[in-house]
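J.: Protein sequence lines, in the order shown, are assigned to chains A and B.
Residue numbering for the first sequence follows my numbering, beginning at 1 and increasing consecutively.
Residue numbering for the second sequence follows my numbering, beginning at 1001 and increasing consecutively.
Treat the hints with caution; some may be incorrect.
[Said to hold, decoys possible] Which bits of chain A does chain B cover? Going by a derived footprint, with three or more residues having C-beta under 8 Å, they are:
no.	region
1	115 to 128
2	197 to 205
3	229 to 240
[Stated by the list, open to error] Partial selection, computed: residues in chain B whose CB lies under 7 Å from chain A:
no.	residue
4	Y1089
5	S1092
6	H1118
7	R1122
8	Y1126
9	A1166
10	E1168
11	Q1182
12	R1195
13	V1197
[Stated by the list, open to error] Across the chosen pairs, the derived CB separations fall in these ranges:
no.	chain 1	residue 1	chain 2	residue 2	range
14	B	A1108	A	R307	41 to 47 Å
15	A	H61	B	R1050	48 to 54 Å
16	B	R1029	A	H61	54 to 60 Å
17	B	A1108	A	A311	54 to 60 Å
18	B	V1014	A	I137	47 to 53 Å
19	B	A1201	A	R224	34 to 40 Å
20	A	R277	B	G1144	32 to 38 Å
21	A	Q145	B	A1211	34 to 40 Å
22	B	N1186	A	H211	55 to 61 Å
23	B	E1208	A	E97	29 to 35 Å
24	A	H61	B	A1201	56 to 62 Å
25	B	V1197	A	G62	39 to 45 Å
26	B	G1037	A	R277	43 to 49 Å
For the record, the hints were derived by calculation from the structure and aren't laboratory data.
Ideal Cβ placement from N, Cα and C applies to all residues, glycine included.
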Amino acid sequence: MAGLSRREFLTGSAAGLALAGCAPRRASGPVAGRERLVSILRQADYNQELYGALRRALAEHGLNVRGKRVLLKPNLVEFEPDSPINTHPLLVHAAVEAFRELGAEVRIGEGPGHRRNTLDMAEAAGYFSTIPQFEDIFTDLNLGQLAAVRLAHPHSRLQSIYLAQQAVSCDLLVSMPKMKTHHWVGATLSMKNLFGTVPGGVYGWPKNILHYAGIPECVADLYRALPRHFAIVDGIVGMEGNGPIQGTPKRAGVVVAGRDLAAVDASCCQIMSIDPRRIEYLKLAVGDVEALARSIHQIGEPVESVRTRFALMPEWDGIRLS
Amino acid sequence: MQPAVRQSAWVTSVAALLGPAALGGEAYRRGIHWIVGQSGEETNFLSRVRQFLTGNPPGEPGWPWMPGTTAWVTPTALSMLALHKAARYGGSAQILARLDMGASYLQAHACSDGGWNHGAGRVWDYDARSYPETTGVALLALTGRDSARIRKAYAWAQAQLPGCRASEAESWLRLGLLAHGQLPPNTAPPMRPPRTVQNAALALLASEAVAGRNALLE
């Protein structure tokens, strides 16, 4: 992208410094405490049990969000309510309720990558009918206020990027992706879901600048640029094959949650029978994925008991967990 | 305060649709000159190789959403609409040539099902599906042109109208089909309520066009 003006640069730098001051410390090696705690919840279907399960999972992670602004960022892709393409609205509603119970001010935001009709898609996906006053708490991140953010030590060739202001200024960004295979990066999970914080109003549909600058590189950059995050992955029914749009449903029967998106995504890969060491954006984001995997403390269901072999496109045979 | 975004092909094109009376002659001339000079990065060698490998034909240059990236269907169509208007104000041969290139770009980037999506008709070896909003705006930009490719899009666009689930999509479909005299009767008033100001404005433009005045083609 074109360079930022001095004023934009200073605005972005100030935002970055503010974020850095509040961010959890990120280390390249094992991290003590709950940062790499990953909850794996067995959940056979989208039903009322989700509400209690998610409340218990959040309690395990000891999140202190009372009085804080929490932005839930689901994955809305297409107008297909019967397809496993979008994050299920019941899971999003369960998260709304769970975070509200913890005292947070909860909003929902998404900036889809291909279709511009965000609210219409949300309606088709069942968000309006499932989540009371949905429109009052929803922001289209493609068209809302912007923040110019300078990328410190970027992996991509971007030095700075515009992001949705709400994603930058919230106290906790909760990435809520669908568990899917992806024809460009192998698997799309909580880190890749951050592409939805990049405004289409600036970069278009698709957000082609991210492709030009390198998809895995940009995933890793966004992971660092948005550090106050949490992940809740919808793996109850995911997508396999030619994801993230034209794949087929795959029931894994899990919800995966945790503070560190990389740790959550590595765990999801293991569940999907994908080798996390072969996912490029994970390598870029954390360096040593093996060390990351060793540092993860998984609770709930053991990976082996929920492992579900997601079909991969032939081009991605090389990432299969052996 | 909203930080400034430096350059955007689609915003410039939409602004240029206002014409010289609203923008001022010099600003309008510079805007059109800027649009004519823009093209997607697919015109460079590396991009052409990548598009060949991913099964997407490179074709003629279209317009990107923002400079420095690849051309896509919507910014190409919006730029063509701006240049259509410039041509009516006595456009140059360069403008007419860019309109021809844009038309070639759009026709080369159609989906196999008949319409257009954002601009990638194939991903790996798989056919991608069309979207109604992109099909509508592409048809509108191709006004005055005829080809088997364009005629194939009529059927897809007409089939989408009854089940359209977004006001924006429905408006573009109506505008696009109307521009080719292919809008089926009894499609007004709009079936979907617009959810944003932009979509409401577009729905009004579509309704005006159905009533006989298409401001986007004047």
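J.: So, for every hint listed, does it hold in this structure?
T.: Now for the hints, and whether the structure bears them out:
Residue count for the region 115 to 128 of chain A with a Cβ under 8 Å from a Cβ of chain B: 8. That meets the three needed, and the coverage hint holds. Given a C-beta distance limit of less than 8 Å, the hint that chain B covers the region 197 to 205 of chain A holds, as 4 residues qualify and 3 suffice. Using a Cβ-Cβ cut-off of 8 Å, 0 residues of the region 229 to 240 of chain A lie near chain B, which falls short of the minimum of three, so the contact claim is violated. The restraint placing Y1089 of chain B at the interface with chain A is violated, with a minimum CB-CB distance near 27 Å, outside the 7 Å limit.
At its closest, the beta carbon of S1092 of chain B sits 27 Å from a beta carbon of chain A; the interface hint therefore is violated under the 7 Å criterion. Here the hint on H1118 of chain B is kept, as its CB sits about 6 Å from the closest CB of chain A, short of 7 Å. Interface restraint check: R1122 of chain B against chain A, minimum CB-CB distance 11 Å, threshold 7 Å, status violated. Checking Y1126 of chain B against chain A by beta carbon gives a least distance of about 6 Å; that is within 7 Å, so the hint holds.
Proximity of A1166 of chain B to chain A holds as hinted, the smallest CB-CB distance being about 4 Å (cut-off 7 Å). Below 7 Å, beta-carbon pairs count as interface contacts, and E1168 of chain B has one with chain A at about 5 Å; its hint therefore holds. A cut of 7 Å between beta carbons decides the hint on Q1182 of chain B: the least distance to chain A is about 23 Å, and the hint is violated. At about 4 Å, the closest approach between the beta carbon of R1195 of chain B and any beta carbon in chain A falls short of 7 Å, and the interface hint on this residue holds.
Taking 7 Å as the C-beta contact cut-off toward chain A, the hint placing V1197 of chain B at the interface is violated, the least distance being around 10 Å. In this structure the supplied range 41 to 47 Å holds for A1108 of chain B paired with R307 of chain A, their Cβ-Cβ distance being about 44 Å. Remark: the range hint 48 to 54 Å for H61 of chain A to R1050 of chain B is contradicted by a beta-carbon distance near 42 Å. The hinted range of 54 to 60 Å is satisfied by R1029 of chain B and H61 of chain A, whose Cβ atoms lie roughly 59 Å apart.
Between A1108 of chain B and A311 of chain A the Cβ separation comes to about 32 Å, which falls outside the hinted range of 54 to 60 Å. Checked against the hint of 47 to 53 Å, the C-beta distance between V1014 of chain B and I137 of chain A comes to roughly 30 Å, which is inconsistent with it. For A1201 of chain B and R224 of chain A, the Cβ-Cβ distance of about 39 Å falls inside the hinted range of 34 to 40 Å, so the restraint holds. Taken as a hint, the range 32 to 38 Å is violated for the pair R277 of chain A and G1144 of chain B, whose Cβ atoms sit roughly 56 Å apart.
Our hint of 34 to 40 Å for Q145 of chain A and A1211 of chain B holds, since their Cβ atoms are close to 36 Å apart. Look at N1186 of chain B against H211 of chain A: about 42 Å separates their beta carbons, and that is not inside 55 to 61 Å. In this structure, E1208 of chain B and E97 of chain A break the distance hint of 29 to 35 Å, their C-beta atoms being roughly 45 Å apart. Roughly 45 Å separates the CB atoms of H61 of chain A and A1201 of chain B, a value that falls outside the hinted 56 to 62 Å.
Range check, V1197 of chain B to G62 of chain A: Cβ separation about 42 Å, and the 39 to 45 Å hint holds. A C-beta distance of roughly 46 Å is found between G1037 of chain B and R277 of chain A, which places it inside the suggested range of 43 to 49 Å.
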